[in-house]
Each structure stands twice: as structure tokens, then as C-alpha cells.
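Novice: Sequence:
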Amino acid sequence: MTIPRRSLRAAGTLAAAAVVGLTGAVLTAGPAAAHTPTWAVTCSEVSLDLTAYNGNVTNQVTVTVDGKDLLSTETFGREFHKKLELPAHDKEVSVHLVVKAGDGDNFSRDETKTAPVCEGATPPPSPSEGTPSPAPSTSAPTASAKPSEAPSKSAPAAASPSPSSPDLAETGSSSATPIIAGAAVAVLLAGGGIMWSVRKRRTAQH
Numbered sequence: 001m002t003i004p005r006r007s008l009r010a011a012g013t014l015a016a017a018a019v020v021g022l023t024g025a026v027l028t029a030g031p032a033a034a035h036t037p038t039w040a041v042t043c044s045e046v047s048l049d050l051t052a053y054n055g056n057v058t059n060q061v062t063v064t065v066d067g068k069d070l071l072s073t074e075t076f077g078r079e080f081h082k083k084l085e086l087p088a089h090d091k092e093v094s095v096h097l098v099v100k101a102g103d104g105d106n107f108s109r110d111e112t113k114t115a116p117v118c119e120g121a122t123p124p125p126s127p128s129e130g131t132p133s134p135a136p137s138t139s140a141p142t143a144s145a146k147p148s149e150a151p152s153k154s155a156p157a158a159a160s161p162s163p164s165s166p167d168l169a170e171t172g173s174s175s176a177t178p179i180i181a182g183a184a185v186a187v188l189l190a191g192g193g194i195m196w197s198v199r200k201r202r203t204a205q206h
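All the letters of the sequence shown, read from the start, carry residue numbers 1 to 206 under this note's numbering.
Incorrect hints may appear among the rest.
What the hints assert, rightly or not - Computed spacing ranges between beta-carbons, pair by pair: (1) E85 with N56: 17 to 23 Å; (2) K82 with C43: 17 to 23 Å; (3) E45 with E79: 18 to 24 Å; (4) K200 with I180: 27 to 33 Å.
As the list claims (entries may be wrong) - Below, a list of computed lysine-lysine pairs in the BS3-like style, where the Cα atoms sit at most 27 Å apart: (5) K82 with K68; (6) K68 with K91; (7) K82 with K113.
Hints were generated in silico from the structure; no laboratory data involved. For each residue, glycine too, the CB sits at the ideal point set by N, CA and C.
Take these sequences, add in the hints, and give me the full structure.
Specialist: Here you go:
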């Protein structure tokens, strides 16, 4: 039985197409299945090890802690490795990882883990919890020394005027009184003499 050459050529073409298709499928599925977003969270840090991603596209990674950025969105290619230090905390915090694969959402990741509190770690106090200033002292002021109830016996007494010495003010007054009285009498006598002379003249004229 003779097989036509055309049939052989057609069979060879189909076989080659099948091999190429299978190879493409394997190559396409290989990188897709190899995406490995490995990450770990401890009480103090977050470790990221993203491997076997498609290096021909742009991939993105973001990490937040209780809604605040710990790692702002960064782009990477085939791999991404990084360790992030967590802020001090006195209670458990939520760590959120988002990986966006550039070759399809089915390879992306959106995961959340909890970071415990480190044993023996004391976080620094927040500004609102600062140590209050001490209250002013309410103790009564120390009493000063008691004042002397009586004048000191050693203080000299005020000097009293000597009985034998005349009062200065009184002495001046007593010495001036006779002079003033004498002057007044002289004035009166002079005035009386003048009046008498005037009347006498008037009587003589009439």
C-alpha cells in the first residue's frame, strides 16, 4: 500500500504544530505556576520574599500597618526581597500585604497577618500621655520667729526734760509777754493823750 506524499506532508505539519503548541503552553504555564509571594511577620519586623514573578511585566507591592503605610507602593520585576521594621506597639497590630502581578489578577495577593507584642518591650509614651508636672506644694510656709512682745529692756528710755532746765518754748513766751504788754500800754496812753489834746483845742477855740 502506497501512502501519497501529500498525506505524509500534512501529517508532519500537524505533528509540528502540536509540538509548538504544547511547548508554548508549558512555557506559559511555567512562570504562572511559579509565582511565590512568601512573607513573614514577627513582633518587630516584616520579611518579604517575592520570587519567580514574570520579569517582563511590572509588578507592585504595598504593606500597611493598621491602615498606615509601612511600605509605599514599589514596583519590581522577577524578584523582591526586603525587611521592614515595625513601629513600637503595646498591642497587636494588623499587617496588610498587597501584591499586584502584572501578568494577571489571578497571580496577585491580598493578605493580612497579625504582629504580636514583643515580650519585655515598652513603647515610648505618646505626647498626650506625658508625665504630668508635679502639683504645687500645699504645705504652709514656715512661720517666722515670734516678734518680741515687749520692748527690749536694754533699749534706752526716752530722755525726759530736766526739772531744773526751763522749757525753751515757754521761756521764749514768758520773756516776750512783758514787752508786748508794755508796748500796748504805751500805745493806749499815747492815744489817750492825743485825744485829750484835741478836745482841749476844740474847747479853747469855742
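Novice: Please go over all the hints and tell whether each is borne out by the structure.
Specialist: Hints, verified against the model:
1. E85 with N56: 17 to 23 Å: violated (32 Å)
2. K82 with C43: 17 to 23 Å: holds (18 Å)
3. E45 with E79: 18 to 24 Å: For E45 and E79 the Cβ distance comes to about 19 Å; the hint holds.
4. K200 with I180: 27 to 33 Å: Since the Cβ atoms of K200 and I180 sit about 31 Å apart, the hinted range of 27 to 33 Å holds.
5. K82 with K68: Roughly 18 Å between the alpha carbons, so the hint for K82 and K68 holds.
6. K68 with K91: Holds: K68 and K91 sit about 16 Å apart, inside 27 Å.
7. K82 with K113: holds (17 Å)
Hint compliance for this structure: hint 1 is the single one not met.
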